[in-house]
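For the record, the sequence lines run as chains W, Z and H. The opening position of the first sequence corresponds to residue 1 in our numbering, with each subsequent residue numbered one higher. The opening position of the second sequence corresponds to residue 1001 in our numbering, with each subsequent residue numbered one higher. The opening position of the third sequence corresponds to residue 2001 in our numbering, with each subsequent residue numbered one higher.
Derived from the structure by calculation, the hints contain no laboratory data. Among the hints, a few may not be true.
Unchecked claim - Dumping the calculated DMTMM-like pairs for lysine to aspartate or glutamate here, alpha-carbon to alpha-carbon at most 25 Å:
no., chain 1, residue 1, chain 2, residue 2
1, H, 2031, W, 141
2, W, 200, H, 2043
3, Z, 1022, W, 299
4, H, 2031, W, 149
5, H, 2024, W, 270
6, H, 2035, W, 197
7, W, 200, H, 2130
8, W, 200, H, 2240
9, H, 2024, W, 197
10, H, 2024, W, 141
What the hints assert, rightly or not - Listed below are several chain H residues computed to face chain W (Cβ distance under 8 Å; list not exhaustive):
no., residue
11, 2080
12, 2108
13, 2123
14, 2135
15, 2138
16, 2144
17, 2145
18, 2184
What the hints assert, rightly or not - Far from chain H by the CB rule (all over 10 Å, computed), these chain Z residues:
no., residue
19, 1063
20, 1064
21, 1084
22, 1161
23, 1185
24, 1305
25, 1309
The C-beta atom is built at its ideal place from N, Cα and C for all residues, glycine as well.
The primary structure of each chain is shown beneath.
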Amino acid sequence: MTTGGVTDPMLVNTEETVGESTQTPYRRFLEDFCENKIAVVSFVVVVVVSMIALFAPFIAPTDPYDLSTVTVEDKALSPGMTMLSGQVAYLGTDGSGRDLLSSIFYGLRISLTVGIGSGIIALAIGVVVGLSAAYFGGRTDALIMRLVDMQLSFPAILIALVLLVTLGKGVDKTLIALIVVQWAYYARTVRGSALVERNKEYIESAQCLVLSKPRILFRHLFPNVVAPIIVVGTMQTAHAIALEATLSFLGLGMEQTEPSLGSLIANGFDYIHSGHYWITMYPGMALLVTIVAINLVGDQLRDVLNPRLQR
Amino acid sequence: MNTNGSRPTLQVSHLQTSFMTKVGEVKAVNDVSFSVHPGQVLGLVGESGSGKTVTGFSIMGLLDHPGRIIGGEIQFRGENLVGATKKRWQQLRGSQIAMVFQDPMMTLNPVLRIDTQMIEAIRAHEFVSRKEARQRARDALGQVGIPSPDERLKAYPHQFSGGMRQRVSIAIALLNKPDLIIADEPTTALDVTIQAQILHEAQKLCQETGTALIWITHDLSVIAGLADDVAVMYAGRIVEYGEVDNVLDHPLHPYTHGLIGSVPSRNRRGSPLHQIPGMTPSLLNLPQGCAFRTRCPQASDICATVPDVSEPRGSGRLIRCHTPMLLTESITELSGMFAT
Amino acid sequence: MTDAHLNEEAPIVELRDISKRFVKRLDLAGKLARKLGVDIEEEVVHAVDNVSLSIFDGEVVGLVGESGCGKSTLGRIVAGVYQPSNGQVYVRGNLIKDMSSTAARDAALNIQMIFQDPMSSLNPRLRVIDIVGEAPVVHGVVHRRDVEEHVSQTMLRVGLDPDFIRRYPHQFSGGQRQRIGIARALAVNPEFLVCDESVAALDVSIQAQVLNLFMKLRKELNLTYLFISHDLGVVEHLSDRVVIMYLGRVVEVATTEALFTSPKHPYTQALLAEVPRVDSRRRRFKPVQGEIPSPLDPPTGCHFHPRCPHAIETCAREQPELREIVGGRLVACHLAEPTSAD
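Modelling step: build the complete structure from the supplied sequences, incorporating the hints.
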């Protein structure tokens, strides 16, 4: 009497495994992400912007930081006019005579570097802090979270302003200010996620198997906490970029000679009433497109990573 | 089947419900027929993937996209519910057909008081004064054995224990004196002593009010104590359907036979349990013909075709099987069937 | 307070006067409120209240109770996941803290746990080979280059096809995931397994397969089990001895046969009477009244007295001791008298 091809009743029949394919979780994630066309387009935009930022020195028509080529006589040329050097200013020039297109490329470079760079470092700090708070609990947790609460009860811009006024201008100082402002948010998100995961049975199993605390934290807890961080990370990056732009707009942050998108926008304000709209508008659009694209990617990431847990 | 002469409260004929997913059509309910009479309890038994919960949801009209009823009829007191309008459903649900879920928090709104929710449930279907509705709510709570109902009415769901919440859900189901209650695993998550209390209430209820009850569960022992009839489901089909005593004492379908045999109390202490080898196949990947044949000790070539519903002579029940057990084999003579 | 047993060796695990309290401390605001005279207390849950138990080599002890009884907490204390608030856990007669770090680690590895929820008991980001193979490599049970062989062997032993060694948990069914969990525990060669409701989340037919697997492994590997379950049918089938808990306390201990034929404690009697069985038809359910009290606010004296049909005045005042009334049978009830035989 056969039992459908199973020789050892104890051995689970191999043909009847539930898994529909040998997909890794990552492959599945990619497939799900690509379901939303808008998100895919946004992702492409983000990639394009990143490429521009990366290769700005090579693809920009002029070098707006090279003070030898920038001359005040090119000031506020409208889009399409030719500059003294013979180069066509496709998007016009700003109040100091810098080609706007090139300035935007370099500006994006600064925005993304500072935004993403500060994000990564803040994330690293936030993850370590948040994981520790969740895993060790008790006083450690209480102490860390009070710090986080205090930090988060001040508006980010206020803290950044105070820091920059004290530290001065420059890329590195802006970076520091943005890191200080962001780490707390990551820490709190990571801690929340880790608290949920910490009580799951696979963590208890790791404890039962006498695995060391660092191993449990980084090999077991962290990978399962990563999903919300990715979402928060993208949103925070957009936020950091906007924050940097705001700071530059207000005159802090970047040096005068290294304009970022924010300072270009501020610059253009003086010229709006005379009809030279482009100085504010084009940098503004570039900023807008970048931030919206990052946010849309973040939205789709959040949607994809959430229901996945329920599958 | 115990018909007691009356017209059935619910008659399901050849019901088919499918889920159109992007990986294919999942036939969750595949040609299912049964009936329940007033005051009767039908146990709908099956493991995960059997389709028992989807059957319950289909009857209540609670299927969400991508699930749809694609065939068959659901006759509720002579009216076909398949294709009923939304408006008709609103009239029926909560007043003539009610459902109790496994998780009472699917019925109870955590931010509203119990009396608010119950009064709302009454007044959605009838024009009664608040005072009268409140009185009815109070009576319903008393009916399910909740002490000090006046105080309890003013409480919020989180102030109740799990067992109490389930009883409140049952009380809400009772409020408008429905003709049919569908209970989907209502006691699975509860402790034994609390489960016993709820089973006691359910028993009393059917006897007193003549409500028909469909009790969906995976637990055969609950059905044994509570139900009049039992329908056993596997991979979307009913494989055996008859009176509880008949089916449990002399199961004819090999799956029912194996299921009863797997229960520890049916085996000699310490000896290996009789087990059904393999696993329930995925509904996307069913074997051709009878879905149970890959695990069936009695499978033969004829099982490559789907068995029709048949009524073996003298058995008093319906089964779907080409090679059923003999009526003369009693359950204790399992040995040799699934020997390991 | 030890159970009488024929075997004179040190039990594999002995719990002495174990208690576990979970305290929800007052935060700063709460402490302040209390100073100002507000009547606010710390919430203390006495999950386990003064439990002593010995488990001997090769036996299967069933631990039964309903929600709030503390059985899961007790199981985790035995497995070393929780530390007790009071009392000691002796492993083969020795305290863990008296051992050298290697011996302590070996003692801890010797007691493994099988969990309840097949969904959350496996790390979803790791492949089977990592889930099962991590601990053996870390602790030197196998060398890194032999881990695949070791994991494959273990998978075969639990009835899984070794071809699936590189798959992820989500690609398996519930029953298969439980088997992976069992493989993970077995990979470090334990002698003692704590099974915490390990079959509760499985379908009946799969449950039978996994229970048979437990019995097979017991014979093959000479394992000892602490089998925690709310399902009396399963416990009766598998266990040699049964321990019944109610609200953190042990109320009865007996051999399986003795307990199921003549339960002495009123709670055990109620439990056995109320369990639905396939054999009993169209019963008149006569349930015990009342709700299970919250562990935050347990009744005084005997915890069961508000629901007990035989309660007398002493029951509300005094907590009954767990006494031996006849060889091997322990009952915590004022009304249970020692008898000469059953």
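Tested hints:
no.	hint	verdict
1	2031/H / 141/W	holds (18 Å)
2	200/W / 2043/H	holds (23 Å)
3	1022/Z / 299/W	holds (23 Å)
4	2031/H / 149/W	holds (20 Å)
5	2024/H / 270/W	violated (60 Å)
6	2035/H / 197/W	violated (36 Å)
7	200/W / 2130/H	holds (18 Å)
8	200/W / 2240/H	violated (31 Å)
9	2024/H / 197/W	holds (20 Å)
10	2024/H / 141/W	holds (15 Å)
11	2080	holds (7 Å)
12	2108	holds (5 Å)
13	2123	holds (5 Å)
14	2135	holds (4 Å)
15	2138	holds (6 Å)
16	2144	violated (15 Å)
17	2145	violated (20 Å)
18	2184	holds (7 Å)
19	1063	holds (23 Å)
20	1064	holds (22 Å)
21	1084	holds (33 Å)
22	1161	violated (5 Å)
23	1185	holds (13 Å)
24	1305	holds (24 Å)
25	1309	holds (23 Å)
Hints 5, 6, 8, 16, 17, 22 from the list above are not met by this structure, while the remaining hints are.
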